[in-house]
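Going down the list, the protein sequences come from chains U and F.
So the first sequence is numbered by my numbering: it starts at 718 and just counts up by one.
So the second sequence is numbered by my numbering: it starts at 718 and just counts up by one.
Rather than coming from a laboratory, the hints here were simulated on the basis of the structure.
Just to be clear, a hint being listed does not mean it is correct.
One copy or two, either will do: identical chains are not told apart, so a pair holds if it fits within one copy or between any two.
[Said to hold, decoys possible] List of simulated lysine-lysine pairs, DSBU-like, C-alpha gap at most 35 Å:
{"hint": "1", "residue 1": "Lys1087", "residue 2": "Lys750"}
{"hint": "2", "residue 1": "Lys1160", "residue 2": "Lys753"}
{"hint": "3", "residue 1": "Lys830", "residue 2": "Lys731"}
{"hint": "4", "residue 1": "Lys814", "residue 2": "Lys780"}
{"hint": "5", "residue 1": "Lys731", "residue 2": "Lys1155"}
{"hint": "6", "residue 1": "Lys753", "residue 2": "Lys1155"}
{"hint": "7", "residue 1": "Lys849", "residue 2": "Lys1087"}
{"hint": "8", "residue 1": "Lys801", "residue 2": "Lys780"}
{"hint": "9", "residue 1": "Lys931", "residue 2": "Lys919"}
{"hint": "10", "residue 1": "Lys793", "residue 2": "Lys1160"}
{"hint": "11", "residue 1": "Lys731", "residue 2": "Lys780"}
{"hint": "12", "residue 1": "Lys801", "residue 2": "Lys731"}
{"hint": "13", "residue 1": "Lys789", "residue 2": "Lys1155"}
{"hint": "14", "residue 1": "Lys892", "residue 2": "Lys731"}
{"hint": "15", "residue 1": "Lys1160", "residue 2": "Lys750"}
{"hint": "16", "residue 1": "Lys819", "residue 2": "Lys731"}
2 protein chains.
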Amino acid sequence: MSEQYKAFSEHLHKIGVVGSIGGLLGWDNEVYKPEKAMGIRSEQNAFISGLIHEEFTSADFVKLVQALLEDKSLSKEQSINVTKVNEDLIKQTKFNKEFIQKQSVIISEAFGKWHAAKTQNNFSLFEESLEKVVALCKESAEILGYEEHPYDALLDMYEPGMTTKKLKVIFANVKEQLVPYYNSLLAKKQVEASFLHNKFEKQKQWDISIEILKQMGYDFGAGRQDYAPHPFSIGMHPTDVRITTRVDEHNLSELIWSAIHEGGHALYEQGLDAEYFGQPQGVAASLGIHESQSRLWENNVGRSLSYWKANYHLMQNAFPETFGKVELMDFYKAINKVEPGFIRTNADEISYHLHVLIRFEIEVALMEDKIKVKDLPEFWNAKYKEYLAVDVPSNTLGVLQDVHWSHGSLGYFPTYSIGSFYAAQLFSHAEKQIPQLKEKIEKGELSELLSWLRTNIHVKGKLYTSEEICEQVTGEKLNFDYFMNYVKAKYDGIYK
Amino acid sequence: MSEQYKAFSEHLHKIGVVGSIGGLLGWDNEVYKPEKAMGIRSEQNAFISGLIHEEFTSADFVKLVQALLEDKSLSKEQSINVTKVNEDLIKQTKFNKEFIQKQSVIISEAFGKWHAAKTQNNFSLFEESLEKVVALCKESAEILGYEEHPYDALLDMYEPGMTTKKLKVIFANVKEQLVPYYNSLLAKKQVEASFLHNKFEKQKQWDISIEILKQMGYDFGAGRQDYAPHPFSIGMHPTDVRITTRVDEHNLSELIWSAIHEGGHALYEQGLDAEYFGQPQGVAASLGIHESQSRLWENNVGRSLSYWKANYHLMQNAFPETFGKVELMDFYKAINKVEPGFIRTNADEISYHLHVLIRFEIEVALMEDKIKVKDLPEFWNAKYKEYLAVDVPSNTLGVLQDVHWSHGSLGYFPTYSIGSFYAAQLFSHAEKQIPQLKEKIEKGELSELLSWLRTNIHVKGKLYTSEEICEQVTGEKLNFDYFMNYVKAKYDGIYK
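Excised from the complex, chain U in its bound form (with noise of 0.2 Å):
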């Protein structure tokens, strides 16, 4: 390795160290953090989030990886890291002072405001606030730059390459396959679900989620599980991968496939190549690639037929009252039930797209001017009937319901959807390339398929874009077609 490269590694772990002292900020602050320590805790992140953009953007840093680009000794591997650090900088650079105060306060205003009109019901105590929020999002995708549409920028920040024009080809696909099929399913007679709201002890379910965790391959020597308002995970470092999960006694579904989500979150970043901590090699390829490996385990795996064969007696053993009753089948068919709701967070495999359908919709009209912000509720409640049949009871449940848009957090949604369907694309791949992969599911042999995961997706890191580790893997872009032969297949059983 030559000096120079090794000076640009160096910095870049140092900077992933810092990285990962503000990680176990973050993580302390969900799940530990008195609440009187809110002020310190804003303090330490400030100060942490500044040192990485100081050590970042430094000068001495900034001129290294320009002599980095010359540099025609590098391997290719070390050219890709030095070329998306370079892409990175150049973002970072683009925004100046005046820009990055001014969204500071209009977020932070947005927050407070967003959080009374939700709890009050009151759309319009948010509208402003929104408006500037939409307003600050088209600025920067001003001041990014694109190449055809403004939203590219934005999307560009969670999933490096995807563009508006191909996520309405993936979303035309959602509206008029998906949206049929689910409501075909829903005029079927439906199938019973009520006893996974029994009562089960909370202890017993936390235990069936280590034993889970465990068989996945999540290694607790690298990291932990512990209780938090909203479930998470956070990858430090390879060998500091921690997961979150939150219990309800009357609602299994809240800890387990939490539980097995966060877990393929988890088992993304312990699959990291520590080697390269810091360095794009080292980190997640995309928010989309992320959510790809948490919707895998969660669905594909976790709640297919063959999971349950290998597993159904961690249920039946710590509840018999509620299970000793039930045959795995339709234990099957009710975890896979689907029941139309408005709330994205809560919805079943299927219309979780719907629900992100509607935030696209919405953020391209958006950004196209198409549609004002002071028109949302009306929109989004038709669309709501529209899609998925429901009628919204309030802007709180509705078009309030999710904390992202007040972060600026325009682009994102769209991630939640890709990670799904390049799920079904892979978990595909993976049937076909690992023999009997069915057959070990059924006796809990998940080794191979982490294997897997790992050979074709941890270890590249951010080398590649999600399309290009998509079509390493699979030999074609991102295809709707596998989600919806995967859903067909799966649905079409289950509601026969």
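Keeping the supplied structure of chain U fixed, place chain F upon it in accordance with the hints.
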């Protein structure tokens, strides 16, 4: 406030923020860190401590301090803050890089050697390393400088203002008064305490500890209690002060008095003035004063009859099978039983200081070249026979029991005793100054005692030395008589 002083306080505040981040890393390390994260945690710690050193000794800051030393417009308290910071700066700049590197090599080697020696009960494995540690401490003392005794320089790091001469007087009292008194108690009819080793459900013990901490005034909105292998308290900021304890189903003392002890430390940290966060005025005065707070709560309050008049019902309600049959007075006697042992950390309130006395004598003798490292085991065992009348069964349980020497922490042990002696002196004055304190404690009303400690000690931070604080509050310097009188009054009653 002058612009200069504002810059000074802001810089120290910033260093305080960085230190508080280091605090969280330290807390997590002991409580929740996954084992494989050891490597990244070392890097995180090294980064934070390097940054603190860098910021504290930065040329700009040093210049600012020099300028402020000449600033006649400062208030008295501002002047003290500047002077104390300057003293720290002088100390920190005395050690050159070469010495710090040598120190780091010796200490990290010593820990490994000590651990092997303790595990294998083989002092010779540690001997050479300990010789190096002692030589290092002597070199430190010479570098730091002292007026009378090289040990003074070491003491000053933990207990500013304390000297060997003063300690020799105090420990002469321990030897002449406490040792014979202790042996006179051992000759009396022993109290019955075996019931403290019945079975006590862990969760119930935990619940009592929470109850007790709340009653003390420990603010769970600005702190929390967790389990850890070694009990400790850590103050990151007055709004985030956490404690840890451990629990033993067959030893009630493990959790309860540990919680009270750590709670005492934590109340001090919660009571520091956040306005001066990072400045001497915002940090604890010394280890001795810190220990005076924990010991005052643990022993003067937490092992008093008055205290258990208020709280014995907690024990009786939680553990009726044991305490239903035990009278309050017998409980009180049991928790104060004197029992000679060879482990300091498990010692009763009196013999504790006999352990420290031995450490003190050894450390002084080492600094005065009156004893050789190789003779320590023999010396140690003879002293235990002489003062505590016990036969030390092995070096593992004897001279190798504690980790501190391997850390190079000579001069640290005496603060354990000083703390108790200050506690007795302070508590005696609290009893005089707070009307009907005893009756209040008997009713579980502890808030006035806490207020008294807040006003007289906590809010002063490190503006004054422990000796100055003691004089301000009690009108005289540390006086061993208070402890001796406290002990006699209490134990004459118990062993009458």
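Against the structure, the hints come out as follows:
1. Neither within a single protomer nor between protomers do Lys1087 and Lys750 lie at most 35 Å apart by alpha-carbon distance, with minima of 43 Å and 50 Å respectively.
2. Taking CA atoms no more than 35 Å apart as the test, Lys1160 paired with Lys753 passes between copies only; the shortest distance there is 29 Å, against 48 Å inside one copy.
3. Proximity of Lys830 to Lys731 under the C-alpha cut-off of 35 Å is restricted to the inter-copy arrangement: shortest distance 31 Å between copies versus 37 Å within a copy.
4. Proximity of Lys814 to Lys780 under the C-alpha cut-off of 35 Å is found in both arrangements, the shortest distances being 21 Å within a copy and 29 Å between copies.
5. Taking identical chains as interchangeable, the C-alpha atoms of Lys731 and Lys1155 are never at most 35 Å apart, the minima being 43 Å within one chain and 56 Å between chains.
6. With identical chains, the CA atoms of Lys753 and Lys1155 are at most 35 Å apart between copies only, with a shortest distance of 32 Å across copies and 50 Å within one.
7. In the homo-oligomer, the alpha carbons of Lys849 and Lys1087 lie at most 35 Å apart inside one protomer (16 Å), although the nearest pairing across protomers, at 77 Å, exceeds that limit.
8. For the homomeric pair Lys801 and Lys780, the shortest alpha-carbon distance inside one copy (15 Å) is at most 35 Å, but the shortest distance between copies (41 Å) is not.
9. Taking the shortest Cα distances, Lys931 and Lys919 sit within 35 Å of each other both inside one copy (19 Å) and across copies (27 Å).
10. Taking the shortest alpha-carbon separations for Lys793 and Lys1160, neither the intra-copy value of 41 Å nor the inter-copy value of 75 Å comes in at or below 35 Å.
11. In the homo-oligomer, the alpha carbons of Lys731 and Lys780 lie at most 35 Å apart both inside one protomer (17 Å) and across protomers (29 Å), since each shortest distance falls under that limit.
12. In this homomeric assembly, Lys801 and Lys731 come within 35 Å of each other (Cα to Cα) both inside a single copy, at 17 Å, and across copies, at 33 Å.
13. Neither within a single protomer nor between protomers do Lys789 and Lys1155 lie at most 35 Å apart by alpha-carbon distance, with minima of 47 Å and 81 Å respectively.
14. Taking CA atoms no more than 35 Å apart as the test, Lys892 paired with Lys731 passes in neither setting, with 46 Å inside one copy and 53 Å between copies.
15. Taking the shortest Cα distances, Lys1160 and Lys750 sit within 35 Å of each other only across copies (32 Å), while inside one copy they are farther apart (41 Å).
16. For a Cα distance limit of 35 Å, the shortest separation of Lys819 from Lys731 qualifies both inside one copy, at 29 Å, and across copies, at 24 Å.
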